[in-house]
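A.B. asks: Protein chains in written order, with our numbering: chain W, 1 to 222; chain P, 1 to 310; chain G, 1 to 118.
I should point out that these hints are in silico values taken from the structure, not numbers from a laboratory. Just so it is clear, the structure is predicted and the values come from calculations on it, not from any experiment. Idealized CB from N, CA, C, for every residue including glycine. Do not rely on the hints blindly, as some may be mistaken.
Claimed, not checked - Some chain W residues judged to face chain G by a derived CB distance under 8 Å, without partners named: (1) 11; (2) 47; (3) 48; (4) 50; (5) 117; (6) 119; (7) 121; (8) 122.
What the hints assert, rightly or not - No farther apart than 35 Å at their CA atoms in a straight line, the calculated lysine-lysine pairs in the DSBU-like style are these: (9) 7/W / 19/G; (10) 17/W / 7/W; (11) 114/G / 214/W; (12) 113/G / 7/W; (13) 114/G / 6/W; (14) 173/W / 205/P; (15) 40/W / 19/G; (16) 57/G / 39/W.
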Amino acid sequence: MIVADKKPIEEIIETIKDHQSILVLGCNECVTVCEAGGKKEVGILASALRMHFLQQGREVNIAERTLERQCDHEYLEEIRDIIDDYDAVVSIACGVGVQFMAEKYQSKPIYPGVNTLFMGVTEARGVWTERCQGCGQCILASTGGICPVSRCAKRIFNGPCGGSASGKCEVDKELECGWQLIIDRLKALGRMDDYENISPLKDWSTDRAGGPRKVVREDVEL
Amino acid sequence: MSTNTPSKLEKILTAGHLAVTSECGPPRGSDPEVITEKANLIKDHVDAINVTDNQTSMTRLCSLAACIRLKLMGVEPVLQMVTRDRNRIALQSDILGAASFDIHNILCLSGDHQSFGDCAQGQNVHDIDSMQLIQTVRHMRDDGKFLGGDDIKRPPQMFVGAAANPFADPYEIRVPRLAKKIAAGVEFIQTQCIYNLDKFEDWMKKVCDRGLNEKVYILAGLTPMKSAGMARYMKNRVPGMDVPDDIVKRMADTPKEKQAQEGIDICVEAIQRLKEVKGVSGFHIMAIEWEEKVPEIVERAGLHPRPSVN
Amino acid sequence: MRLSYPTSIKIIRVPCTGKVDILHIMRSFEKGADGVYVVGCREGDCHYNSGNFRARKRVEQAQQLLDTIGIGGHRVRMCNLSSSDGPLFVKYAQEMHEKILEAGPNPIKLAKKKAKAA
């Protein structure tokens, strides 16, 4: 899933303080699972904003809505009838949702209510960790299913670097060394011989380095 | 072995001498005197001088410019180059820049993470890694081509080195990792500072068992300690460093005013022991901000005078 | 025992304090409550193991949020007691009652009145 974290409410207040009628818009997908931008978080944020503005002597209309997804036309269309009741939207979907909203409703100010972080997993209740950076050319087959791009602080393809100590990364003693994980996996798979294969220079043109990316599938296009 | 480059370091190693290298950290400013003064302190006692590339991610005068300074004063530089700060365009470009001044040695590194330095909020590049940088330099030199495939007019002639840390984890891949660097094309290795001699000798034995000592020159890395405080700091704070308790104790048990001398003694004793170790082709003495002690260490270790080669 | 506690307190029963969400606390203040306290089982005695620990964390989060928006986190409190401990229940109720008297009314009530008048 795409993992996001709540923005400090002070920051949200600062961005929306001049508006009179605001829609707080959540998303039922990833940000609901990582408890940053689902229906519940919409309720808490809206309630806090209402109380904040009342305290300031302003009765700002703060409405709540949560869409199935903010990354698909059909769900974003659901608010076309009501969007003009508000003079701004705080979207607490991931950065994708915020942008798609902005594209669809050209003249409506859209503000992000979360910081979008990474593609990751729920490692434990309340703990989410990164697994993928979408480099566009998956090499997990040769690294035992552990990704050096997302799990190594230096995205080293032929690791580990000299900073790996007791299985932890030099950047943070709590952080697992991605290459230790790769080696552990290769060992478990009985494939340690593969360790000595040198990974060639990576083609980063499929990564963000190549510019905004696009997938077109003729077989599913209408 | 015959030489592949005009590198003086390569010639000395090929002739079978124990090589001695040292390093200079460039200043955090633009005063060229800092580099030339440091170099003057040690130039008659070493075969080549490494210039570090923004070590520990602290922004400094660039390694390339400092290497050019050394070259202009007739000292053999080893250009350290990290993959943290430059993409493959900049790396190749700097290699050519160095080659234009006939800098004949390069040390390929990934570099400490930027979070250790003064620009922790900066981006890191890591377009390629140290292993791939070795391949890149060899490709430029041996095939005379850019990574993009075009011919290089007057290709670089560089003796290619890399670092090895026998003490980092996981230990079991320390020898395979060296083999990998050799397969990538590395010709000399400068190791991490050695304090745990037993562990280093164990690593060297495994290196020799695989015959890797025949394929690469290994320079044992040493850093004299100035104080018991530094020993403790190296033990506890520096990533990938292995300082045994008895070394820390020996420093701590020495009266404060004599600790610096004790540190030099430990270093000299280590060199004398390691000279006898099979596979050790020389020494890389990293006297951090203590360059003036290098001549004493080299002389007492019986490594002076340095051989002359053509 | 027929103990009495301040009449200002309105009890909302939940199956376990683990059921109480920040949202419930926030809504209470929005609707004009002057204070909210969550009374759970003693720590370690939760029938669902960790319900009251979760409640404590949520209370802490609500405190932070209420501090940020100027309502005041001191208006929220987590208490723990055994279900048979009537006197302690009364003690907590009195403490809370006094604390809220000291804190004064929820500023939202005032703000709402002003907004209506204007």
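A.B. asks: Does each hint fit the structure? Answer for all of them.
C.D. replies: The hints, checked one at a time:
For residue 11/W, the interface hint is violated, the least distance from its beta-carbon to any beta-carbon of chain G being 11 Å, above 8 Å. Below 8 Å, beta-carbon pairs count as interface contacts, and residue 47/W has one with chain G at about 4 Å; its hint therefore holds. For residue 48/W, the interface hint holds, since its Cβ comes within 8 Å of a Cβ in chain G; the closest pair sits about 5 Å apart. About 6 Å separates the beta-carbon of residue 50/W from the nearest beta-carbon of chain G, less than 8 Å, and the hint is met.
Because the closest C-beta pair between residue 117/W and chain G is about 20 Å apart, greater than 8 Å, the hint is violated. Annotation: interface hint on residue 119/W violated; nearest CB of chain G at approximately 26 Å, more than 8 Å. Restraint check, residue 121/W versus chain G: the minimum CB separation of about 22 Å is more than 8 Å; hint violated. With a least beta-carbon distance of about 17 Å to chain G, the hint placing residue 122/W at the interface is violated under the 8 Å criterion.
Of the pairs offered as hints, the one joining residue 7/W and residue 19/G holds, with about 25 Å between alpha carbons and a cut-off of 35 Å not exceeded. Proposed proximity of residue 17/W and residue 7/W is supported: the alpha carbons are some 15 Å apart, at most 35 Å. For the hint pairing residue 114/G with residue 214/W, the CA-to-CA distance comes to about 53 Å; that exceeds 35 Å, so the pair is violated. Restraint check for residue 113/G and residue 7/W: the C-alpha separation of about 31 Å stays at or below 35 Å, so the hint holds.
Restraint check: the Cα-Cα separation between residue 114/G and residue 6/W comes to about 32 Å, which is no more than 35 Å; the hinted pair holds. Annotation: proposed proximity of residue 173/W to residue 205/P holds, straight-line Cα distance about 31 Å (limit 35 Å). Proposed proximity of residue 40/W and residue 19/G is supported: the alpha carbons are some 14 Å apart, at most 35 Å. Of the supplied pair hints, the one linking residue 57/G and residue 39/W holds, its CA atoms being roughly 20 Å apart against a limit of 35 Å.
Consistency with the previously given hints fails for numbers 1, 5, 6, 7, 8, 11, ordered from lowest to highest.
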